[in-house]
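Undergrad: Sequence:
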Amino acid sequence: MFTHCSRPDRMRSQGCCSTDVPTPGQRGDRRSASRRVSTASPKPCRPARRDPAMSRSTILAVVTMLVGSLLPLQRAGAQMVHFVDNIRGCEGRTPCYSTITDAVAAAAPFDTIAVFPGVYHETVAFEGPSKGDITLRSHGRVKPVIAPSAGNGVSILAAPRVQVLNFVIEAPSTAVSIGGPLSSGYVIQNNWLNGLTSGAAREATVKNNTFVGAGIRADLNASVIEGNRFVGAGIFLFEGAQRPEDNLIRRNLVRRGGIDLNAPASGNTIVANFVSGSPGDGISIGVLNHGSVNVIERNTSVENAGCDVNDRSDGGNTWTNNRFGTSCGAASAQASATPARGSARATPAESSLTPEDED
Numbered sequence: 042m043f044t045h046c047s048r049p050d051r052m053r054s055q056g057c058c059s060t061d062v063p064t065p066g067q068r069g070d071r072r073s074a075s076r077r078v079s080t081a082s083p084k085p086c087r088p089a090r091r092d093p094a095m096s097r098s099t100i101l102a103v104v105t106m107l108v109g110s111l112l113p114l115q116r117a118g119a120q121m122v123h124f125v126d127n128i129r130g131c132e133g134r135t136p137c138y139s140t141i142t143d144a145v146a147a148a149a150p151f152d153t154i155a156v157f158p159g160v161y162h163e164t165v166a167f168e169g170p171s172k173g174d175i176t177l178r179s180h181g182r183v184k185p186v187i188a189p190s191a192g193n194g195v196s197i198l199a200a201p202r203v204q205v206l207n208f209v210i211e212a213p214s215t216a217v218s219i220g221g222p223l224s225s226g227y228v229i230q231n232n233w234l235n236g237l238t239s240g241a242a243r244e245a246t247v248k249n250n251t252f253v254g255a256g257i258r259a260d261l262n263a264s265v266i267e268g269n270r271f272v273g274a275g276i277f278l279f280e281g282a283q284r285p286e287d288n289l290i291r292r293n294l295v296r297r298g299g300i301d302l303n304a305p306a307s308g309n310t311i312v313a314n315f316v317s318g319s320p321g322d323g324i325s326i327g328v329l330n331h332g333s334v335n336v337i338e339r340n341t342s343v344e345n346a347g348c349d350v351n352d353r354s355d356g357g358n359t360w361t362n363n364r365f366g367t368s369c370g371a372a373s374a375q376a377s378a379t380p381a382r383g384s385a386r387a388t389p390a391e392s393s394l395t396p397e398d399e400d
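Reading the sequence shown from the start, the letters are residues 42 to 400 in the numbering used here.
The set of hints was computed from the structure by calculation and includes no laboratory data.
Everything numeric in this text was worked out from a predicted model, so none of it was measured.
Be aware that a few hints might be false.
Stated by the list, open to error - Here are the computed distance ranges between Cβ atoms for each label pair:
id, residue 1, residue 2, range
1, 191, 134, 26 to 32 angstroms
2, 344, 206, 31 to 37 angstroms
3, 251, 128, 20 to 26 angstroms
4, 254, 133, 25 to 31 angstroms
5, 359, 273, 41 to 47 angstroms
We put the CB at the ideal spot given by N, CA and C, even for glycine.
Kindly produce the complete structure, drawing on both the sequences and the hints.
TA: Quick look at the structure:
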């Protein structure tokens, strides 16, 4: 409610906005002043100005109440780190487990499992949606070793978006095995592996790994294979539960192996890879699935036992600015052949090469 004022001494305290009440500096005839006081309609005053200190304290109290009410929700969705160490008890960190399997059993989606250096003789299995969205990583830069006596090193089955980062994984079967479309979105990065198999997954990332002895065998869709090194291994995409489509294969170094899309395939991009010493073809593309063409550009493929580049399709793929010594199939007519150093077709002017992956 507004207050009304009729006395000059109340103007300052109430912020009165009436202009009919004389101030001390405006005193004249007492009778006229009295008339003005008695006849003027008192005007409403503005509310008294609030104390800034009280306003700040009130706002702080309200904010504190709001934050306090949200804390239980934040704790419920917070990420938890589970530590694993089979040597020194996680150096005082908790919760601590002696096996990775026990940590996986305790972990919930969006948790992280941090593994101390050591050798872990177990198969690490992520099975079901309740074990999705979990990150398995090393604790520190040193790569822990996962080396089971049988089976796979890491198995991901119907658990989406699992990440495996910075391990040495060597197993009698394969280092990493991923099964089914419900395991899509996985990330395998910065590991040393002896093989990866994947069935019917999408939107996967396999990046900056070293593959020795066995490479990638998968029917991936919409996935990225980038920056990996293969020794005695390569990339083999085939038609399983789905055809290999819309994948990016970029900046991989493949020695004594090849890159093979051995299926009706479309929409794949193979760019800026180096392939040499394959016992078969270097870069090989199978039958074109009549959708988007495959793009093969700025690769170097040399000194392979078969064809350096081989296009077994009907000629619908795009080959641009590749370096190779021999070509077969539709690649012979379509590939932009720049003789590679060391091939019979190289010239002295081409003896100094620059990196192929400038993009």
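Undergrad: Could you run down the list of hints and mark each one as holding or not?
TA: We went through each hint and held it up to the structure:
no. : hint                          : in the structure
1   : 191 - 134: 26 to 32 angstroms : holds, 31 angstroms
2   : 344 - 206: 31 to 37 angstroms : holds, 34 angstroms
3   : 251 - 128: 20 to 26 angstroms : holds, 25 angstroms
4   : 254 - 133: 25 to 31 angstroms : violated, 38 angstroms
5   : 359 - 273: 41 to 47 angstroms : violated, 30 angstroms
Of the hints listed earlier, those the structure fails to meet are numbers 4 and 5, in rising order.
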